[in-house]
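A.B. asks: Just so you know, the protein sequences line up as chains A and Y, in that order.
Reminder that position 541 of the first sequence reads as 541 in my numbering, one-by-one numbering, no gaps.
Reminder that position 327 of the second sequence reads as 327 in my numbering, one-by-one numbering, no gaps.
Simulated from the structure, these hints should not be mistaken for laboratory data.
One or more hints might be untrue.
[Said to hold, decoys possible] Residues from chain A shown here face chain Y by an in silico Cβ test under 8 Å; the list is partial: (1) Leu33; (2) Val254; (3) Gly422; (4) Ala501; (5) Gly561.
[Stated by the list, open to error] Coverage of chain A stretches by chain Y, computed from C-beta distances (three or more under 8 Å per stretch; other residues unrestricted): (6) 172-183; (7) 240-253; (8) 406-414; (9) 535-547; (10) 607-619.
Glycine included, every Cβ here is placed at the ideal spot set by N, Cα and C.
There are 2 protein chains.
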Amino acid sequence: MANFQGDKQKVRAILDAVKKEGRDSLTAPEGKLVCDAYGINVPKEGVVSSAKEAGTLAGSMGFPVVMKIVSPDILHKTEAGGVIVGVKNADEAVTAYEQIIANAKKYKADARIVGVQVQQMIKGGTEVIVGAMTDDSFGKLVAFGMGGVLVEVLKDVTFRLAPATREDAASMLDGIQAAEMLKGVRGGKPVSREALQDVIVRVSQLVSDFPEISELDLNPIFASENGAIAADVRIVVNFDQKPARFRPDEKAVVTSMKRIMQPKAVAVVGASNEAGKIGNSVMKNLINGGYKGKIYPINPKDPEVMGLKAYKSVKDVPDEIDTAVFAVPAKFVASALKECGEKKIAGAILIPSGFGETGNIEGQEELQRIGREYNIRLMGPNIYGFYYTPSNLCATFCTAYDVKGSTALSSQSGGIGMAIIGFSRSAKMGVSAIVGLGNKSDIDEDDLLLFFEQDDNTKVIAQHCEDLKDGRAFAEVAKRVSKKKPVIVLKAGRTAMGAAAASHTGAVAGTDKIYDDVLRQSGVIRANSLRQMLELSRGVPILPTPKGENVVIITGAGGSGVLLSDACVDNGLKLFKPMPDDLDAAFRKFIPPFGAAGNPVDITGGEPPITYVNTVRLGLEDDRIHALILGYWHTIVTPPMVFARNMVEIVNEMKAKGKTKPVVASLAGDVEVEEAAQYLYENGIPAYAYSTELPVEVLGAKFKWARSAGLLK
Amino acid sequence: MANFQGDKQKVRAILDAVKKEGRDSLTAPEGKLVCDAYGINVPKEGVVSSAKEAGTLAGSMGFPVVMKIVSPDILHKTEAGGVIVGVKNADEAVTAYEQIIANAKKYKADARIVGVQVQQMIKGGTEVIVGAMTDDSFGKLVAFGMGGVLVEVLKDVTFRLAPATREDAASMLDGIQAAEMLKGVRGGKPVSREALQDVIVRVSQLVSDFPEISELDLNPIFASENGAIAADVRIVVNFDQKPARFRPDEKAVVTSMKRIMQPKAVAVVGASNEAGKIGNSVMKNLINGGYKGKIYPINPKDPEVMGLKAYKSVKDVPDEIDTAVFAVPAKFVASALKECGEKKIAGAILIPSGFGETGNIEGQEELQRIGREYNIRLMGPNIYGFYYTPSNLCATFCTAYDVKGSTALSSQSGGIGMAIIGFSRSAKMGVSAIVGLGNKSDIDEDDLLLFFEQDDNTKVIAQHCEDLKDGRAFAEVAKRVSKKKPVIVLKAGRTAMGAAAASHTGAVAGTDKIYDDVLRQSGVIRANSLRQMLELSRGVPILPTPKGENVVIITGAGGSGVLLSDACVDNGLKLFKPMPDDLDAAFRKFIPPFGAAGNPVDITGGEPPITYVNTVRLGLEDDRIHALILGYWHTIVTPPMVFARNMVEIVNEMKAKGKTKPVVASLAGDVEVEEAAQYLYENGIPAYAYSTELPVEVLGAKFKWARSAGLLK
């Protein structure tokens, strides 16, 4: 649905003319007409073809005016000496006309000169820029920034998918570093937010309505308290449109993904009795993992694999098969895949490498063609396979994994997949799924999102990716899914060096700022590092959703309180401050006179367990407090496990009374605090030894999600 | 030594006059004279006292001019309507004069009006700001930033201690976000770096020469390719100088600190036989920790404590005592401290709380007076004590600690101290010392720096602090020490919320940006979080110092390569790129054809140990490579411990051949990688499981140090 209805006929006519003339950009007057058609304010102007005319027209507009060459062959007008600003009277206009024509001829002798544009000069106001561009992965994007050096030097610009809503536009105005400038600085008046939102919405709708507009720049726009006028319009067109990427409809995706992830029968193409072979490992994992469906080994020679009857081809299997796991060399994949297609198998798990990642693009394209032809979805190639614990399904050559939980993870790279498995096992993090996506010839992050969206076994989705083949599709799905379940993304290749390295999976990463803005727009929580993705995957699902923004720190160590406060700011958490008098007094009742209420509530170091219990109970009881961060200090009076057990008890006691709030803990002490942290974590309180930042990062992520899903007051 | 010699007499005369008149700021003409005396360029100007005179003087300078009210009673001239810019001719100058006088009288009827300043108007150029200020902890600071919104909205400003050297000044020009603007944008010419360095050096010298100048602002300065002219000068003075903080000379500090940290005899004031008492824990730790010097329990009642003869007072002990550890309630501390003073004990370790942190400021000041009177240094109060492992000395009530190593850690807070102990023990991080500083009534971070500087047992110094009582002293010492040994600082209270929380030790944190800039200027590596301080403390000392900037990633997992590349950028490391052809070819010889040389060197996943060994050997052998980052991918072909042993072997083999380079590793795999990481770490290769960022942070810190210590080419 369009956010704004422009005059499409008018724009269509202009673009048709440009196309007919074989041009790839619009002249300034054409640009103005396009803006007019979409209600984007531009200065009064007209084109003249004589010096005298210039004087007359300028006079009718009011001075000063700016005069610019109009030529389809001169795109960089300033460079060509084709722009004269501050023309103050009719005489100057005449001279300026002659000068501009002379400069243009000198710059490019054969340039076709339409005339000279005379334009009302906009004075005052704050310079901003609104633009639009076309990204390979995300398609049409709209950009906003402050004019001049702030964009050029500080790259202070923000992007959203086009078309953008008014809310998107508002978030752009607030989303630049220099946002404060829009509120008026040095005694200036604030600019009209409405007017700027208007421009953003209209520009974004324009490029969405006309995909052939590949670039658009309104630079500068003069914004004031009364409105916004674009002083210069640049529009570049590209009539060679890339064909849209094929996407099955969402219902079809879910139907296929359900068969793949929750199959009644799995075939292993290349199943083997020989230890060390991938086809052997996959068989072992399926069997030892406890998968209860049927397993059909496919092997051209052996009549039996690991005690199960083997078949020469999937086509020989009498029953229906949902998922086929491939463990054959690359050269055998295509023909076996065709057979899977004929067998109406829903998905092929393509473990084999030797495709896109080794330069075998054709081989991979062949698989894609077969997949499309037979409507069989492809996972990979070049992957470790996948785990789906609710089905006890380990369709992988890695070791079996059985700690069930509610986080679904995926990785583009096998190495990162192994790190996910290792961390999960080590931290006893329950997972619902771990999926390898590899070369992403077909199934990608948004297919997984669609499946996990409707999967009741999954509460949090965490994805490592190096690129998004179809960023727009991902963003659209993620925006919906993230309202229901936290979506955490580790986008590798953030930096130019990283992006260059990402070529190992053929990934081509765009500007990271675009990823950053669009992921945020989609409600995605972006992880900064591998370990952070893992820690958030572990912690976010076990925390209850907060009901409001008021965070209170209760700490035995004042020093932890300081670092926890810093971490709150770093992670966008709001300390409940000032604490209401009655609450402050209530906390004070429990702590020594030299302790500090306020926030952090500093109960001081030498206190017995009851002081922690009393203050935490109060924090959980009082409805004005929405989350607690605990800072524990190891002492003889309150040993680590005593603290941990007391905290779990009081949190459970209050939960039974309907007081459910997120609680995290930072433990400072000798090595015994590690056991206490593990105990706390396993009982619903994400807790870390020797770290004041990790527990707050986890809590911050939960808040970020709750906020973007609209669950916080 | 002064970086610039100004005309001090001239400035002295002006300031004397200001002082005599009881003013707290200089008039514009006075400001100009001060600038003249220090060779800071200001526009031509003069003060007139009639409208006619204004026209004549302005004409002699050349138009346009700017005219400003001169009145000791009007500081905010613009607000008072006392500034008119762009005066274009003599007539306008006459009118402007009258207007300004009228406005000034309206603004403040009784304002003393000296006249109107007529000033040459500086056109064009880039607007910058140079200023100076006085900070409670750091003293005189010089500031630099771009003019206008960049400073006002984006707070893009950088600070250095005054006086600043030309090198400091250069680092300031490069140290702002908008540094590129100085190089010329939009086709503009670069500004003269020399001229700006000049202004910074001169301003910083001026405020250092005249401490009574509390604030100085040159705003704006118009910088061009030819020079820099300050268009406006504002100077605020404060003749009430705070007395300088007492500091014993460095030799005396070291003498005392050596006696304290390496004592021949230790007294425990309040030693006790009663388990659970602090005086009992301290005794146990001294004895069980293996301290070989003499231990004198001080106890008014018991004749023996833990089998050692006890004394009623330190004065009763027949021998010399170096260190006295206090384990008595606050109210008994002062009298016992006096006795320690009379006994000529070098230092008192004041474990007791109940002083500054509970509001008992007087009690703490009394201790400080006694300390100064008797020349006894005070550690604390309100601390856990300290460990110095080379002396097997555990002068603390916490558990004994005995893993010897070369990192000396300290913390302002007890909780953080406990986290240091726990982490150290858990990670088997060897330490030379762990010191609690608490309320820092006397001994502080720079005293520790001075001791550890000359302590051969210490290679790296890591300090947690919430404030620096004397930031300038710290910065000066750190600048020297950090050239020899890495100094890592975790400054808590970075944020406003954190700073507010820091009041628990009476800490008053200043602007974090000042800390950040000054710590960097001093060569300090700033840790972002508690865990990072601990990880850097563990990793930095075991890494050899790199000889150059060329970092190479060798990875089995392409996905790790991408994340490791991102981490390199995040941590200021330079990937050796493009790899020279011969080196690239040499790497290629060892890896499969579908692997990637370049950088990361992607050896691909399924390779045997020899591929890791061959590529790492090449990386260590070739002198063009200065550091290696390894990305390991867990496979059956190269299990984790096989990888780890092979890596340690090849690194040691090459070390024996004189090829010593820093190597770090990221391990992706199942839980067995944890054992491998520990093995690697213990053998000189900082390695982390499930993390691509931590090993690179450690390597980045080593490089940062080597760079600032001038050890890198």
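A.B. asks: Report holds or violated for the interface hint on Ala501/A, using the least CB-CB distance to chain Y and a cut-off of 8 Å.
C.D. replies: holds, 4 Å
A.B. asks: At a threshold of 8 Å, is the proposed contact between Leu33/A and chain Y supported by beta-carbon distances?
C.D. replies: violated, 29 Å
A.B. asks: Let me know if the C-beta of Gly561/A comes in closer than 8 Å to any C-beta of chain Y, holds or violated.
C.D. replies: holds, 5 Å
A.B. asks: Could you check if Val254/A really has its C-beta closer than 8 Å to a C-beta on chain Y?
C.D. replies: Cβ of Val254/A sits 28 Å from chain Y, so the hint is violated.
A.B. asks: Just to make sure I understand the rule, a stretch counts as covered if three or more of its residues have a C-beta closer than 8 Å to a C-beta of the chain. Does the stretch 172-183 of chain A meet that for chain Y?
C.D. replies: Since three or more residues must qualify, the claim that chain Y covers the stretch 172-183 of chain A holds, with 4 doing so at under 8 Å.
A.B. asks: Check, residue by residue, whether the stretch 406-414 of chain A contains three or more positions whose beta-carbon lies closer than 8 Å to a beta-carbon of chain Y, and give the verdict.
C.D. replies: Holds, because 4 residues of the stretch 406-414 of chain A bring their Cβ atoms closer than 8 Å to Cβ atoms of chain Y.
A.B. asks: Are three or more residues of the stretch 535-547 of chain A within 8 Å, CB to CB, of chain Y?
C.D. replies: violated (count 0)
A.B. asks: How about the stretch 240-253 of chain A: do at least three of its residues have a C-beta closer than 8 Å to a C-beta of chain Y?
C.D. replies: violated (count 0)
A.B. asks: Min Cβ distance, Gly422/A to chain Y: is it shorter than 8 Å?
C.D. replies: holds, 5 Å
A.B. asks: Please count how many residues of the stretch 607-619 of chain A have a CB within 8 Å of a CB from chain Y and say whether that reaches 3.
C.D. replies: violated (count 0)
Comparing the model with each numbered hint stated earlier shows that hints 1, 2, 7, 9 and 10 do not hold.
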